[in-house]
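Full structure from sequences and hints, please.
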Amino acid sequence: MADSGLDALVHEARAGATWALAELYREFQPALVGFLAGLAGGDAEDLAAETWVDMAQYLARFDGGGRDFRRVLFTVARRRAVDHRRKQGRRRTDPTNRIEDLQPPDSGDPARAVEDLDASRRAIRDIRALLPQSQAEVVLLRVVAGLSVGEVARVVNRPPAAVSVLQTRGLRRLATKLGDPTGSLSTPRPS
Amino acid sequence: MRPARLDTHTAERLLSGSVSPDDAPPGYAEVARVLHHAQSLDASVAALSEHAAVTAMSDALAGRLLPAPTEKRGSSMTSKVLSFKAAAAASAVLLSAGTAAAATGSLPGSAQTTASHVLRDIGISVPASDDHHESHATTRGESADHTTAARSTAANGSTADDDAEGAAETGSSDPDEGKGPNRAATFGLCTASAANDGHPNVHADVFPSAATCASTTHPGESEGTEDGTGGGAATSSNSPSNDTSNDGTSGNGTSGNGTSGNGTSGNGTSGNGAPGNGGNDHPMGPPAGTPGAQPSSPPGLDGMQTPTEGSPAAGAPRGDPSGSGSGSHQQSGGGAGRGVPGS
Numbered sequence: 001m002a003d004s005g006l007d008a009l010v011h012e013a014r015a016g017a018t019w020a021l022a023e024l025y026r027e028f029q030p031a032l033v034g035f036l037a038g039l040a041g042g043d044a045e046d047l048a049a050e051t052w053v054d055m056a057q058y059l060a061r062f063d064g065g066g067r068d069f070r071r072v073l074f075t076v077a078r079r080r081a082v083d084h085r086r087k088q089g090r091r092r093t094d095p096t097n098r099i100e101d102l103q104p105p106d107s108g109d110p111a112r113a114v115e116d117l118d119a120s121r122r123a124i125r126d127i128r129a130l131l132p133q134s135q136a137e138v139v140l141l142r143v144v145a146g147l148s149v150g151e152v153a154r155v156v157n158r159p160p161a162a163v164s165v166l167q168t169r170g171l172r173r174l175a176t177k178l179g180d181p182t183g184s185l186s187t188p189r190p191s
Numbered sequence: 001m002r003p004a005r006l007d008t009h010t011a012e013r014l015l016s017g018s019v020s021p022d023d024a025p026p027g028y029a030e031v032a033r034v035l036h037h038a039q040s041l042d043a044s045v046a047a048l049s050e051h052a053a054v055t056a057m058s059d060a061l062a063g064r065l066l067p068a069p070t071e072k073r074g075s076s077m078t079s080k081v082l083s084f085k086a087a088a089a090a091s092a093v094l095l096s097a098g099t100a101a102a103a104t105g106s107l108p109g110s111a112q113t114t115a116s117h118v119l120r121d122i123g124i125s126v127p128a129s130d131d132h133h134e135s136h137a138t139t140r141g142e143s144a145d146h147t148t149a150a151r152s153t154a155a156n157g158s159t160a161d162d163d164a165e166g167a168a169e170t171g172s173s174d175p176d177e178g179k180g181p182n183r184a185a186t187f188g189l190c191t192a193s194a195a196n197d198g199h200p201n202v203h204a205d206v207f208p209s210a211a212t213c214a215s216t217t218h219p220g221e222s223e224g225t226e227d228g229t230g231g232g233a234a235t236s237s238n239s240p241s242n243d244t245s246n247d248g249t250s251g252n253g254t255s256g257n258g259t260s261g262n263g264t265s266g267n268g269t270s271g272n273g274a275p276g277n278g279g280n281d282h283p284m285g286p287p288a289g290t291p292g293a294q295p296s297s298p299p300g301l302d303g304m305q306t307p308t309e310g311s312p313a314a315g316a317p318r319g320d321p322s323g324s325g326s327g328s329h330q331q332s333g334g335g336a337g338r339g340v341p342g343s
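Protein chains in written order, with the working numbering: chain A, 1 to 191; chain B, 1 to 343.
One should not assume that every hint holds.
Stated by the list, open to error - Simulated DEER-style distance windows between Cβ atoms:
(1) B:118 <-> A:60: 54 to 62 Å
(2) B:4 <-> A:11: 28 to 36 Å
(3) A:15 <-> B:95: 42 to 50 Å
(4) B:95 <-> A:68: 51 to 59 Å
(5) B:84 <-> A:119: 53 to 61 Å
(6) B:4 <-> A:161: 18 to 26 Å
(7) B:78 <-> A:26: 37 to 45 Å
(8) A:68 <-> B:16: 55 to 63 Å
(9) B:20 <-> A:161: 27 to 35 Å
(10) B:78 <-> A:15: 31 to 39 Å
(11) B:85 <-> A:119: 52 to 60 Å
(12) B:55 <-> A:67: 51 to 59 Å
Just so you know, the hints here were simulated from the structure itself, not pulled from any lab data. Backbone N, C-alpha and C define an ideal beta-carbon position, used for all residues, glycine too.
Okay, here's the thing in C-alpha cells:
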C-alpha cells in the first residue's frame with residue numbers, strides 16, 4: 001500500500017474507525033508475525049496480538065503518518081520480543097514445539113516438510129537459525145518489515161552505520177551458511 | 001566456496017528483493033532466494049485472527065481495556081531513588097526543626113527534658129524544661145507562673161509534687177493556710193526533696209529547708225489536732241490517737257478501719273467503748289472499702305443513745321456481725337464506760 005493510503009488509514013484509525021483498524025491489521029499483520037517469528041519462534045502470534053493492543057492504546061496519542069506507524073509498530077514488537085526472551089530465560093523452560101526450529105532447514109524430514117509448506121516461514125526460520133540475534137533483527141526489519149536503514153536504526157537504537165554493517169555481515173553469513181550444507185547446521189555466534 | 005564481498009548497493013538490492021537468484025552475485029543465489037521468500041509472507045495469517053484482534057484494538061482505543069501491566073524498570077528505579085531522597089530530606093528537616101526547637105526550649109516539658117538529656121549525651125547543651133517554666137506550660141497544662149497557686153494547692157492536699165501527693169492532705173484548720181505549706185504538706189515536700197537528692201532543681205525554693213525538714217515529723221505521729229472535721233494525714237490510719245476529745249459529731253466511726261463499727265461497738269455488746277482512733281477517720285482518708293464503713297446512723301450518735309436505751313438490741317441489729325471484731329475500735333470514747341453489758 002502506498003504511503004498516502006497508509007496515512008489516511010492511520011488518521012481514520014486514530015478517529016476510532018474500526019474499518020481502518022482492520023485495514024491496518026491486514027496490511028501489517030503478516031510482516032509482524034514474520035518478524036516476531038524470527039525473534040520469538042512459536043510465540044509470534046501471541047506477541048503480535050499484544051503488540052496490536054499496545055499500538056491501539058498508543059494510537060490516540062500517536063502523531064504521524066503511515067511510515068511512522070510502521071516504525072513504531074515494529075519498535076513495540078521488538079520490545080515485546082525482547083521481554084519475551086528475558087522471561088523465557090528466567091523460566092529456564094523450552095517448549096517442545098521449538099525443536100523444529102533447531103532442525104536444519106532442509107533435512108528432508110517428511111513430517112516437517114508437511115508442516116513447512118509455507119516457504120516464507122521456512123525462510124524466516126533460516127534467518128533466525130543461521131544469524132546472530134542482532135544481525136537477524138536487522139535483516140528481518142529490512143526484509144520483512146520493509147524499513148529503511150534509518151528506520152531500523154531507530155528501532156534497534158543503533159547508529160545507521162552500525163545497522164549497515166550488521167546487515168552486510170548478516171548477508172555474508174547467510175551466504176556462507178546456505179552455500180555450505182554443513183554450515184547451516186552450525187550454531188550462530190552470539191551477538 | 002567463499003562468498004564474494006558485498007558492496008552497499010548490492011546489499012541494498014538483495015534486501016529489497018530486487019535481485020533474483022539467477023542474477024545474484026556468486027555465492028548469494030541462495031540468499032536471494034531466502035530473502036525473496038521471506039518478503040512474500042502469507043496474507044492468510046492475518047485473516048485467521050482478524051476479527052478478535054480488531055475488536056480488542058477497538059476496545060483498547062476506546063479506553064475500555066485496562067492498560068497492560070508493563071514493567072517500567074527505569075521509572076521504578078527513579079521513583080525509588082526519589083522516594084529515598086524525599087525521605088532523607090524530610091528526616092533532615094524534622095531533625096533540624098526538632099533540634100532548633102529543643103535549643104530554644106520550645107518543646108513541651110517532657111519532650112524538652114528528653115531532648116536535653118539526649119543532646120547532652122552527644123555534647124550539645126540545650127535547656128531542660130524546668131529552665132523555662134516561667135514562660136511555658138508544664139506537662140500538666142498549668143502555667144508555671146502559678147507557682148504560688150501550686151504551692152497553696154499543695155497546702156490544700158490536692159496536687160503538689162508527685163511525691164508529696166497524698167501526703168499533703170490536710171485539714172482546713174491549718175493556721176498557716178494561704179501562707180505556705182502546712183505541716184503535712186511540708187512533710188510531703190520534704191519527702192519529695194529527699195527523693196530528689198543529688199539532682200538540683202530550680203524548684204528548690206519550693207522545698208523547705210533542711211532544717212525545716214528535720215523538724216517536721218510525720219503528721220500521723222503527732223498529737224491529734226483534728227477538730228472533728230478532719231485533720232491528720234490520710235496515711236496514718238493505724239497510728240495511735242487519742243481523739244477521745246471528739247465531740248460525737250466528728251468523723252469518729254465514719255470510716256476508721258473500714259469495718260462497721262457502729263452497732264457492734266461497745267454499746268450493748270461489750271459495754272466498754274474501746275478507745276476509738278478517731279484521728280484516723282478523716283473524710284479524705286483512705287477509703288474504707290467495706291460496706292461497714294458507712295454508718296447506719298449519724299456518727300457518734302449511737303454512742304450517745306445506746307446507753308440510754310441500754311438494750312443489746314439497740315446496737316446489734318445495725319452492725320455487720322462480721323465487722324464486729326474490728327468495729328469495736330471504731331466507737332468513740334463517748335461510749336466508754338457508758339455501755340451497758342449486753343445480755
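So, going through the hints one by one against the coordinates:
no., hint, result
1, B:118 <-> A:60: 54 to 62 Å, "58 Å, holds"
2, B:4 <-> A:11: 28 to 36 Å, "46 Å, violated"
3, A:15 <-> B:95: 42 to 50 Å, "56 Å, violated"
4, B:95 <-> A:68: 51 to 59 Å, "52 Å, holds"
5, B:84 <-> A:119: 53 to 61 Å, "56 Å, holds"
6, B:4 <-> A:161: 18 to 26 Å, "22 Å, holds"
7, B:78 <-> A:26: 37 to 45 Å, "40 Å, holds"
8, A:68 <-> B:16: 55 to 63 Å, "20 Å, violated"
9, B:20 <-> A:161: 27 to 35 Å, "29 Å, holds"
10, B:78 <-> A:15: 31 to 39 Å, "35 Å, holds"
11, B:85 <-> A:119: 52 to 60 Å, "58 Å, holds"
12, B:55 <-> A:67: 51 to 59 Å, "27 Å, violated"
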